[in-house]
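Visitor: Start from the sequences and build out the full structure, keeping to the hints where you can.
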Amino acid sequence: MAETAASDSIVEVVYEQLKRMSVGYEFKPGERLNEGVLAKSLGVSRTPLREALTRLFAEGLLLFVPGKGFFCRKLDVTEVFSLYEMRKVIEVEALRISIERAKDEDIDALLAFLDSTGPEPGDRTVDELVRLDEIFHERLMAMSGNAEMLRVLQNINARIRFVRWIDMEQCDRTVSQQTHRDILIGLKARNAGACVPELGRHINRRLDEISAALKEGYAQIYMNAAPA
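Each step along the sequence shown adds one to the number in full-length UniProt numbering, with nothing skipped, and position 61 is 61.
In short, the hints are calculated from the structure, not lab data. Be aware that a few hints might be false.
With a Cα cut of at most 30 Å, we get these calculated DSSO-like pairs of lysine-lysine [as the list claims (entries may be wrong)]:
1) K19 <-> K215
2) K40 <-> K74
3) K74 <-> K215
4) K188 <-> K103
5) K74 <-> K19
6) K215 <-> K88
7) K88 <-> K103
8) K68 <-> K28
9) K68 <-> K40
10) K28 <-> K88
11) K40 <-> K28
12) K74 <-> K28
13) K19 <-> K68
Restraint-style ranges between C-beta atoms, simulated for each label pair [unchecked claim]:
14) N34 <-> A194: 51 to 61 Å
15) A189 <-> E209: 28 to 38 Å
16) K68 <-> T47: 17 to 27 Å
17) M223 <-> V13: 24 to 34 Å
Think of the CB as a built atom: it goes at the ideal place given N, C-alpha and C, for glycine as much as any other residue.
Guide: Written out as structure tokens, the structure reads:
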């Protein structure tokens with residue numbers, strides 16, 4: 001039993017390391033992952049490495065080609081656009097559910113979170129700003145009480161995080177944070193007409209916007225200047 005727990009712990013550590021590398025495109029898009037090199041660099045055997053890679057493939061964070069191995073995802077415009085569409089659908093529907101289920105104290109706690117993190121970016125890194133935004137949206141969805149929808153959102157967030165780093169470098173966080181506040185105020189008033197369309201507009205991304213972000217992403221990857 002102890003050996004199994006230790007093995008699971010190793011797999012989890014390797015999984016988190018590889019997830020960070022995959023999400024941040026520390027591997028080049030379309031690059032084949034050398035399992036021998038990875039195992040050596042991470043200081044683990046092939047077994048936990050393969051388990052972690054398989055899990056990342058199942059989550060859509062890596063590609064797998066039979067007979068060839070695991071590959072880094074490409075930055076695909078259609079895929080990212082589809083993920084944004086899915087994100088919009090589940091977040092908007094979860095908000096409709098939250099109008100019926102959300103507790104006032106949870107809404108107030110999320111408003112306090114906005115106050116504590118402030119509208120200005122300060123000296124936070126892009127990665128920190130994106131994570132704060134993810135926390136907001138995940139806590140908003142959690143008010144629906146639907147754990148399965150939240151699990152899907154967390155997967156989508158990981159798969160679009162690199163694109164969101166690019167977005168965050170170019171957006172006005174003051175405007176974004178005010179939108180977050182307006183959504184919460186509408187939710188607390190149980191006013192679907194005020195908060196649901198606002199959330200939809202906030203999440204929505206056009207195909208050309210995503211295409212431009214991916215071009216910038218490729219430039220940063222190949223100039224060794226991934227968002228920090």
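Visitor: Are the hints correct? Go through all of them and say.
Guide: Verification of the supplied hints:
1. A threshold of 30 Å between alpha carbons decides the hint, and for K19 with K215 the separation of about 22 Å falls inside it, so the pair holds.
2. For the hint linking K40 to K74, the alpha-carbon distance of about 25 Å falls within 30 Å, and the restraint holds.
3. With a CA separation close to 12 Å, the supplied pair K74 and K215 stays within the 30 Å bound.
4. Restraint check for K188 and K103: satisfied, since their Cα atoms lie roughly 8 Å apart, inside the 30 Å limit.
5. Taken as a hint, the K74 and K19 pair is honoured in the structure, with Cα atoms around 15 Å apart against an allowance of 30 Å.
6. Between K215 and K88 the CA atoms are separated by roughly 23 Å; this keeps the pair inside 30 Å, and the hint holds.
7. With a C-alpha separation of about 23 Å, the suggested pairing of K88 with K103 holds against the 30 Å cut-off.
8. In summary, the hint linking K68 to K28 is supported, as the alpha carbons are separated by about 17 Å, within the 30 Å threshold.
9. Simply put, K68 and K40 have alpha-carbon atoms about 20 Å apart, close enough for the 30 Å limit, and the pair holds.
10. A threshold of 30 Å between alpha carbons decides the hint, and for K28 with K88 the separation of about 28 Å falls inside it, so the pair holds.
11. A threshold of 30 Å between alpha carbons decides the hint, and for K40 with K28 the separation of about 19 Å falls inside it, so the pair holds.
12. In summary, the hint linking K74 to K28 is supported, as the alpha carbons are separated by about 8 Å, within the 30 Å threshold.
13. Using a Cα cut-off of 30 Å, the hinted pair K19 and K68 holds, with the two alpha carbons roughly 20 Å apart.
14. With their beta carbons about 52 Å apart, N34 and A194 fall inside the hinted range of 51 to 61 Å.
15. Distance hint check: the CB atoms of A189 and E209 are about 31 Å apart, consistent with the given range 28 to 38 Å.
16. Take K68 and T47: their Cβ atoms lie about 20 Å apart, and the range 17 to 27 Å holds.
17. Here the CB-CB span from M223 to V13 is close to 30 Å, well matched to the stated 24 to 34 Å.
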